[in-house]
Amino acid sequence: MNAAIFDKLQILAEAAKYDVSCASSGTTRKNTAKTIGSASGWGICHSFTEDGRCVSLLKIMLTNYCKYDCAYCVNRVSNDVPRATFSVSEIVELTIEYYRRNYIEGLFLSSGVVRNADYTMERMIAVAKDLRTIHKYNGYIHLKAIPGASPELMLQAGLYADRLSVNIEIPSEESLKLIAPQKDYQSVLQPMGYIHQRFIESKEEKKKYRYVQPYSPAGQSTQMVIGASPENDRQILHLASFLYQQPSLKRVYYSGYVPVNLSDARLPALTAPPLVRENRLYQADWLMRFYQFNVDEIVNEQYPDLDLELDPKLAYALRHPELFPIDVNTADYEMILRIPGIGVKSAKLIVTSRRYGRLSLEHLKKMGVVTKRAKYFITCHELPILTVNELKPENLRHLFIGNKQGEKGNHSQLQLLFS
Amino acid sequence: MNTITSLSFTYDGTIDGIFSCVFEAFDKKQFPQQIFKQEVAMLFTQNYHVVTDEQKANRVIAGLKKRISKSALQMLFICWLSEMEGIEMLLFNYICKSFRSPVSIELNFADSDVLELSKIYKKVTREAERMRQFVRFQKTADEFYFAAINPLYNVLPMVADHFEDRFADQQWVIYDIKRNYALYYNLKKTEMIYIDDIKIDFQTGKLHRDVLSEDELYFQVGWRQYLHSISIKERKNLRQQRQFMPKRFWKYLTEKQN
Ligand code: SF4
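Those protein sequence lines, which keep their order, are chains A and B.
First residue of the first sequence: 921, per the numbering used here; consecutive thereafter.
First residue of the second sequence: 578, per the numbering used here; consecutive thereafter.
Wrong hints could be hidden among the right ones.
Claimed, not checked - DSSO-like mimics (lysine-lysine), calculated; alpha carbons at most 27 angstroms apart, straight line:
#	chain 1	residue 1	chain 2	residue 2
1	A	1056	B	699
2	A	950	B	674
3	B	765	A	1292
4	A	1268	A	1285
5	A	1268	B	700
6	A	954	B	696
7	A	1285	B	766
8	B	699	A	950
9	A	1265	B	765
10	A	1268	B	696
11	A	1127	A	1097
12	B	696	A	1292
13	B	643	A	1268
14	B	674	A	954
15	A	1127	A	1103
16	A	1126	A	954
17	A	950	B	765
Treat the hints as calculated values from the structure; they're not laboratory data.
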């Protein structure tokens, strides 16, 4: 082992860190041949960095040399940053060694574009192929697809990787052209479409034949940079909701723009990344995926941006006092999910437990309901307390913002973000 | 005058002992208010010692299988690993209620025993998950992968399958510092072992330098630097880091050592 490998590791980790995806979920693979590795299905966070993010995969770039000049990116060609390139065997060694020590669930490999898309993609595939075929490695592999790579390479990539991703980065084509002149939506949507098609086909084939090598079994993900361009939350969430219509698209990540290239006039002069907005977008994304909310219920013409002071579920409830109070002993599961202070877990507990008898506020509290919040929106066994209708939404709004009670309840949601 | 206030059972501290308590209680129609491990003697209570009997325990388990689901039964075993104070009485009550109820009680979270056990179950399974997350192996010169950790509950038996499946081609040891036993996988199966003279620093769980493989420290240092490199300083959030990665594990984490 050559100690210089660790110098490269520093440079190429530093270069990869703005890609926020780190999930290792979506694949369950048992280790049948007694070799190395398994995939656990739900993904495991092995560590947390000082910024509080989950470390599940060894997230590195193959190289941070890049011929492109995307304005928002640290690795763009016009930046003067230390550069390095890993050899295929170096990445394989690091992955295996760290995997064996239980530091990681696997590898997340991306790359700057050197020479051309195919050349770069081929090297990335070589890493995945070596891991799978020579080292019989069963751990997780996430490859970032290089826009413009040929269909043959996209096919191969999906046969070795658990997940592929193509980042949209900028939430409208107009802005993309301005900020990343060498890119367009076509170059992003085309590989996404290809992955989707192969993903669906391989699922279909699996029904017919017994041995089909799955194609990118954990589907694909993408990322949007938030705050580097002027799109509002409605545009961003509509795009996300549109993408989620493809069943292969498992996750959209929102990455608050970290001002890395301060002097670029095409970018806003932010002093800090828009973290609150980013968090609200994740919460809204959560509502669409697990709380059966339609995107228009969260953001619409009248409310194009998320409320930064309230989480989107509470904001929705305050805009719709007519739906409340909801009787937890009789209401449908979907309606119970809409009550502020009740999450998916407690909603499920409520519908199973109420078959045994009527539930009281005390029961709800024990089931993990944030009753301080929920009490304005429900009736249960007891007489209703003053609800949102008597107190008026405006007053409740002040109450929630005033005592910051709102912020506390969000962490369990955040926690799930990274899994 | 007799000052007896309540009936308590004592048992040998095994889970079969708890099942035996249930058997005795129904058999003698005497239901205790407390259950203690043998060595804890109580004043002012009437003590009845239950001798653990595997056959009786198995009959209780067989009866339970007819009344609650497999996963609920599994939950009881996992709660047992919590080693929490008062766990005996909770399990005892849950089992007795199951025998008395015409339908399974397992989903009735309005019942305080059901709810309490479901919470303990969550805590124990979360701790087991933390083993999957935070165990850090060090490679030794003779190609063993060794880790030491200090779980709150007795959860190593719950994660043996996971590690065995994942690291099937390497010999590994996971040592529970507090309970002084280890899981040892010998490339065929996993066993529970006791290690007499263990060459570790008990503060950090790290092996002595002279037994490590040649490259081990490079990989450790590289990992520490890696974690530093991928953190985005503009997003620093130490509170969140601590929330997801409890401080009590830090001293054993390679990335948090110097
Ligand atoms: S192509 Fe990728 S690595 Fe290259 S400048 Fe653009 S975003 Fe950065």
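Hints versus structure:
| no. | hint | result |
| --- | --- | --- |
| 1 | 1056/A <-> 699/B | violated, 35 angstroms |
| 2 | 950/A <-> 674/B | violated, 38 angstroms |
| 3 | 765/B <-> 1292/A | violated, 54 angstroms |
| 4 | 1268/A <-> 1285/A | holds, 14 angstroms |
| 5 | 1268/A <-> 700/B | holds, 19 angstroms |
| 6 | 954/A <-> 696/B | violated, 36 angstroms |
| 7 | 1285/A <-> 766/B | violated, 45 angstroms |
| 8 | 699/B <-> 950/A | holds, 25 angstroms |
| 9 | 1265/A <-> 765/B | violated, 39 angstroms |
| 10 | 1268/A <-> 696/B | holds, 15 angstroms |
| 11 | 1127/A <-> 1097/A | violated, 42 angstroms |
| 12 | 696/B <-> 1292/A | holds, 21 angstroms |
| 13 | 643/B <-> 1268/A | holds, 25 angstroms |
| 14 | 674/B <-> 954/A | violated, 44 angstroms |
| 15 | 1127/A <-> 1103/A | violated, 38 angstroms |
| 16 | 1126/A <-> 954/A | holds, 25 angstroms |
| 17 | 950/A <-> 765/B | holds, 16 angstroms |
In this structure, the earlier hints numbered 1, 2, 3, 6, 7, 9, 11, 14 and 15 are contradicted, and the remaining ones agree with it.
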